[in-house]
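A.B. asks: Heads up: the sequence lines are chains A and B, in that order. For the first sequence, numbering that gives the first Met the number 0 assigns the number 0 to the initial residue and increments by one for each residue that follows. For the second sequence, numbering that gives the first Met the number 0 assigns the number 0 to the initial residue and increments by one for each residue that follows.
These aren't lab readings, by the way, just hints derived from the structure by calculation. Here a beta-carbon is modelled for each residue, glycine too, at the ideal position from N, C-alpha and C. You may find that some hints are simply not true.
[What the hints assert, rightly or not] Which stretches of chain B does chain A cover? Using the computed rule of at least three CB atoms under 8 Å from a CB of chain A, they are:
#	stretch
1	285-292
2	298-304
[Stated by the list, open to error] In silico DSS-like links for lysine-lysine, alpha-carbon gap of 27 Å or less:
#	chain 1	residue 1	chain 2	residue 2
3	A	Lys34	A	Lys84
4	A	Lys298	B	Lys263
5	A	Lys264	B	Lys263
6	B	Lys264	A	Lys264
7	A	Lys263	B	Lys298
8	A	Lys298	B	Lys298
What follows is each chain in one-letter form.
Protein chains: 2
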Amino acid sequence: MRFLVVGVGAIGGAYLAFLSKAGHEAFGLVKKGRKLDRIRVSGIWGEFEIPVRTIDDVNGLPWKPDLIIISVKSYDTEKALEQVKPVVGENTFLMNAQNGYGNYEKSAELFGEDRVILARVIFGSRVVSAGEIEITVCADDVVIGNPAGLIDENFLKNLAEVFTKSGIPTRYDREVYKYLWDKIIYNCALNPLGALLEANYGMLAQNPHTREIMDRIIDEVFEVAEKAGIESFWKSSEEYKKVFYERLIPPTSAHYPSMLADIKKGKTEIDALNGAIWKLGRKHGIDTPTNELITKLVKAKEEFNRTGLK
Amino acid sequence: MRFLVVGVGAIGGAYLAFLSKAGHEAFGLVKKGRKLDRIRVSGIWGEFEIPVRTIDDVNGLPWKPDLIIISVKSYDTEKALEQVKPVVGENTFLMNAQNGYGNYEKSAELFGEDRVILARVIFGSRVVSAGEIEITVCADDVVIGNPAGLIDENFLKNLAEVFTKSGIPTRYDREVYKYLWDKIIYNCALNPLGALLEANYGMLAQNPHTREIMDRIIDEVFEVAEKAGIESFWKSSEEYKKVFYERLIPPTSAHYPSMLADIKKGKTEIDALNGAIWKLGRKHGIDTPTNELITKLVKAKEEFNRTGLK
Chain A
0 MRFLVVGVGA
10 IGGAYLAFLS
20 KAGHEAFGLV
30 KKGRKLDRIR
40 VSGIWGEFEI
50 PVRTIDDVNG
60 LPWKPDLIII
70 SVKSYDTEKA
80 LEQVKPVVGE
90 NTFLMNAQNG
100 YGNYEKSAEL
110 FGEDRVILAR
120 VIFGSRVVSA
130 GEIEITVCAD
140 DVVIGNPAGL
150 IDENFLKNLA
160 EVFTKSGIPT
170 RYDREVYKYL
180 WDKIIYNCAL
190 NPLGALLEAN
200 YGMLAQNPHT
210 REIMDRIIDE
220 VFEVAEKAGI
230 ESFWKSSEEY
240 KKVFYERLIP
250 PTSAHYPSML
260 ADIKKGKTEI
270 DALNGAIWKL
280 GRKHGIDTPT
290 NELITKLVKA
300 KEEFNRTGLK
Chain B
0 MRFLVVGVGA
10 IGGAYLAFLS
20 KAGHEAFGLV
30 KKGRKLDRIR
40 VSGIWGEFEI
50 PVRTIDDVNG
60 LPWKPDLIII
70 SVKSYDTEKA
80 LEQVKPVVGE
90 NTFLMNAQNG
100 YGNYEKSAEL
110 FGEDRVILAR
120 VIFGSRVVSA
130 GEIEITVCAD
140 DVVIGNPAGL
150 IDENFLKNLA
160 EVFTKSGIPT
170 RYDREVYKYL
180 WDKIIYNCAL
190 NPLGALLEAN
200 YGMLAQNPHT
210 REIMDRIIDE
220 VFEVAEKAGI
230 ESFWKSSEEY
240 KKVFYERLIP
250 PTSAHYPSML
260 ADIKKGKTEI
270 DALNGAIWKL
280 GRKHGIDTPT
290 NELITKLVKA
300 KEEFNRTGLK
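Please model the entire structure based on the sequences and the hints provided.
C.D. replies: Below you can see the structure in the form of structure tokens.
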């Protein structure tokens, strides 16, 4: 199979490295002047260094890819989709391997629901330095699927097999959207508070004030999801909160959200998390004062850090 | 006149130093082991060093004071009022020279509305080191008065004269409560956001996100005040906001709130500001989601810094 990986950061870098190592034809699309000719991988999935091919212009691609993996940050999704348009052929599929709400939706709107695969990525990876990534943790397989149910299941199962054999454990599940949504709820509750207060997940869950705020965030997410017709694995916000505090938080209590590093750099994925909930709520006539205020605080702090006014 | 100054910090230290220098009988009540025998003053009102008398137990006071000046932080008001009970004589008045809502109210409840003077202090002072304070800025006279109108105006005018002659410009105004409330609105809008985002007043007013948050805070404060029967100088929230952004912010745009230093030390006066608005709103059946969430965020950050969990 021929792959184009758009955005060679922590996640995209992992895809490019593992696919290349397994002998697949793969290119990475990088920003101008950011070309790499090898990636060094360390961490829980082993250590290796592998030559890779990257381009900073899709016109440099020698073929139309079978699969385009979108792994840019959410705020760059629209730009990435525009960029790859010229190389999307009749048989090209896209796969959003990103966080948050809105990435799959944007891809599906532009290329059709029957061409877009959604991946719920829940392994952790970080860029140690240019061309060097570390796989830090793996909570579960990557889950892939087509939310609209319009892509042949055997094709998706084979694709999962290709990734798994390449070294990225992956399975197909028709309920992929629920998996993604699960991660969205979790990230909406923890990421912005961790970033604003420089607190880890355990601190946020233990402190009565942040716990109340997270409860509100989760309640609002559930209210919006219900109104928007988005299904989740949970019967109610209360059921989710029980699992959240009792099962999900404890093993990750020492973890700080990556949004903390992002906010310091002046740009976060808040618009694909709490900002998306706020926007979706507005669309459906639902007030989300907590998600709204949290979004504004994160955006303000991003801007203060970005402009260096501080 | 005989004065007892309770809390010899930035403001109490100024009162103790200037009253002592003017030859008044004055004692400072300090925390155990924090006695001082002199205060050094610098800044806009001149430089001097003056011997002072401090006690860490009211039983050490040789007389019943004519005026007890309460200048502890708002979260210590109740404790301070308990402490001074034994030395409150028939002719003793109290004066709250503090920030925020609730200090005068607590004093009046305990000692009677006819015994408590309210002071709106709007000069800036900071503790440089133990026994050393700097007067940094003076926006206006201290305004003193009795909100209930139950204390003789001539007595209050004379008292203002005593302070002014001692070096702390002070005037009597029967509308002192409106002056205090003005400062409360201003501090509710700016202090917690400045502390949470490490931003100065100009940044907060320029950034569209923090500006929207401040607008909401101010709207909620006005709604609560109206319902609670608290009068202000302003016809409406809109009128105040215009003055706030156009006249009040510009000359102080480079200023960071002292709550920023306080939050780092793990204790702020949030309960006498946004927390008091939230509480007063609850009492009157009014939702104040913005003040509530901001209060919780500040309290969480305080606790994270205090416990050193971070």
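A.B. asks: Give a verdict on every hint.
C.D. replies: A quick look at each hint next to the structure:
{"no.": "1", "hint": "285-292", "verdict": "holds (count 3)"}
{"no.": "2", "hint": "298-304", "verdict": "holds (count 5)"}
{"no.": "3", "hint": "A/Lys34 <-> A/Lys84", "verdict": "21 Å, holds"}
{"no.": "4", "hint": "A/Lys298 <-> B/Lys263", "verdict": "22 Å, holds"}
{"no.": "5", "hint": "A/Lys264 <-> B/Lys263", "verdict": "22 Å, holds"}
{"no.": "6", "hint": "B/Lys264 <-> A/Lys264", "verdict": "26 Å, holds"}
{"no.": "7", "hint": "A/Lys263 <-> B/Lys298", "verdict": "22 Å, holds"}
{"no.": "8", "hint": "A/Lys298 <-> B/Lys298", "verdict": "21 Å, holds"}
No hint from the list above goes unmet by this structure.
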